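Spelled out, the chains give:
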Amino acid sequence: MKTIENKEGNETPDPLPSSNRPAIELKNITKRFGHVVANSHVNLKVRKGTIHGIVGENGAGKSTLMNILFGLYKPDTGMIFLNGQAVDVNSPEKSIALGIGMVHQHFMLVPTFTVLENAMLGNEGSMLLKSGEELVLDRLKVLSENYGLDVDFEAIISDTPVGMQQRVEILKALNRGAKILILDEPTGVLTPQETIRLFDILTSLREQGVTIVLITHKLKEIMSITDTVSVMRGGKVVANFSTEKTSPEELAENMVGRKVLLSINKPTLKVGNPVLKVKNVCHESKDGVNVLKDISFDLKEGEILGIAGVAGNGQSELLDILSGIETLQRGQITFNDKTILPYQDWNSKKARDFGVAHVPEDRHKRGLVLPFYNYENSILGYHRNKEYYSGFLMDKRKIFNFVDDLVENFDVRPRSSSISSGKLSGGNQQKLVLAREIECNPKILLVGQPTRGVDIGAIERIYEDLMKLKSKGTAILLVSVELDEIMSLSDRIIVMNQGSIVGETNSSDATELDLGKMMSGLEKV
Amino acid sequence: MLESFQLIISLLDSTIRIATPLIFCAMAGIFSERSGIIDIGLEGKMLLSAFVAATATFLTGSPILGLFAAIFASCSASLIHGFACITNKGDQVISGLAINILASGLTITLGIALFSRGGQTPPLTSEQRFMPIEFSFLDQMSIVPFLGDLFVEVIAGHNILVYLSVLAVFFTYYVIFKTRFGLRLRAVGEKPEAVDTAGISVIKMRYQSILIAGMLCGLAGAYLSIAHGAGFGREMSAGKGYIALAAMIFGKWNPIPSLFACLLFGFLEALGVRLEGVELMWIGEVPVQVMQALPYVLTVVLLAGFIGKARAPGAIGVPYSKEG
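The listed protein sequences correspond, in order, to chains A and B.
The numbering of the first sequence is our numbering, which starts it at 565 and goes up by one.
The numbering of the second sequence is our numbering, which starts it at 4 and goes up by one.
Source of the hints: derived by calculation from the structure; they are not laboratory data.
Keep in mind the model is a prediction, meaning the values are calculated, not measured.
Please note that a few of the clues may not be correct.
Covered by chain A, per the in silico footprint, the following chain B stretches (three or more residues, Cβ under 8 Å) [claimed, not checked]:
#, segment
1, 199-211
2, 220-234
Residues from chain A that keep clear of chain B, each with C-beta distances beyond 10 Å, as calculated [said to hold, decoys possible]:
#, residue
3, 660
4, 768
5, 949
6, 1046
The beta carbon of each residue, even a glycine, is placed where N, CA and C say it ideally should be.
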């Protein structure tokens, strides 16, 4: 294995004046994990004081590349230059010293610590906390004011909203003196309003000469805030653009490697009778929090009802109750003609018997048993079905016949029934779960976050499948934190905030801004 | 009245003697587990260091050298634990159990090989032990009724390690909650990724923590064999490491509450010893075994129901690895 070459090999004087040298330059970076090549001969240049976007599908190597720049991973080959100087970034300690800060997709914050303790971690100012805290707090207050990063320094992280957690991460990086800021999928958890706020912060950081690298899969964001953009696919940088000279279509085409349909053909279809009636459902969590407050809605045949909202506002609990994972505590639910009353015997087997299929929000926790093979996962929950048995033993041949067709029809790659599901990409895992739930011809399909961590190519396919199901008359309840997805798939949208339904609208009338306001609880409609 | 007062005084006195090794071990556990490393090997480290303390003291004649040898032995065991479960990402419970089994067998084997006394070390003279410290000025205190007795009998007249154990509690509290090192240590036990991305080595932090734990266990072991006792006897730790672990959990990984949990367990054991052979009202004479089992039964009951949610450090038991 070759490691980064030494500084000494690179003493050729740079003819450019230092201000014109790129703040970041990556040359020929290759990184393998076992047999998987995550980055292959990647070259990248980012000018100082600009916002540079990196787009690509999941597994395209964006995060790996940035983790290399941040010193978390060691590249197998290649060199890193900062302001024209070759540097050896072999640990986060080194990269932080060189002025690189990174805000990870999953925040690197200690949930039991205060905001201040988190922001100072690694640069505490003193051996003793008390004197250090005073010192750092002064510094942080200045930064916080300059860039509009307002946070509550006393609050415990686990009590703060994700938007604030993200600002803490940025503060933490600035506290370490970051001149280069890497943000990995920063808007995934934010409401549209918080996203706008984040972009304001990033813009003012750019004005102060901070160089920003933004990793995202949301093309709209790339178009709205970046100066330049690189597209990654299969571990390689396949294209570089100046943002003003490109378009979302062009970026998407480069990401996937073929033309992609970004819009959805919604079958126009007359909706039928209500098949699911939810009436006055309330739910109290184990900690005694009212997570659902008086939820009522109807879902009709052939209709897609979208539930929008920031994660953690009761959507998950609603799905859990409807799918039989949680007991109903108050209110009533009617599936066609069968009614469920509070504390009645209600479980996921019964739900399936009623024709309710469920694609869970967390496919790793609830959708699949990752070490199981595809053929096992494909019948999970339907394993009592007589088709799979010979006598009282499961018949592997029958199962294989079914699953071989399933992976073929739903384009699960690799097309194998006997590969462990944990080895599939996120998109293909999701296709497998969806295939299993669609294949049983449900009357009602509950879908949670269908495209979380899923590539554009697979998203296209998943949307297609959902539309096909809709045109067969299945009623679909779609829970998603992706507003675009809710707006383009649903016929009708309800918005949840803090356990209540705060708004309902037809998707044709909905605008992102209005929905965003409702999601943050600012406005009732 | 006076008799029962005397009884209470002597109970409290033995409570403190019994609680001392528990306190050292509980603090050791806090250092280790707050950094994310389960320390079920407290028992083994204590046993090993008790043996090493007695042996080194017997061979050199100096309890100070014995104490350092004990700390060295205990830290070595910590390093084995660290090598297995920090460097090589092994299972922390298995590694801890291995240390316990190793200590149990090794001390007896070495004891027999060295001294041929069935696993015991030769008895130590009082010069070779940490003896109770006499405070001459305190004798006048005993004139004061009750309070004076309490002071002279309970607080005074212990060996240096007893006082050191109380200091260890405040040391632990101060280091964990008031210093930069403590902030990082707690962070590494809650969310090692946060520490790593802040440019601090997770591995180094965890090794430092378990080494401090090793030192504290060494003190506990030395207390058993060269301060409280006068030599090493086989299996002399007798489950104290596990009781200390229980006290630490009972104290929710916080030094001060853990101290009180140790004292409570110490008191129960003292009470058990005291009640041996005593006729109790209605019940009659309670078998010795029941009394000996009392602290363990209480531990189970307390852990099962009464302490509420004991929230362990977030990343406890999980080896840290960067690349998936």
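Hints and how they fare:
{"no.": "1", "hint": "199-211", "result": "holds (count 6)"}
{"no.": "2", "hint": "220-234", "result": "violated (count 0)"}
{"no.": "3", "hint": "660", "result": "violated (4 Å)"}
{"no.": "4", "hint": "768", "result": "holds (24 Å)"}
{"no.": "5", "hint": "949", "result": "holds (35 Å)"}
{"no.": "6", "hint": "1046", "result": "holds (25 Å)"}
Checked against the numbered hints above, the structure violates hints 2 and 3; every other hint is satisfied.
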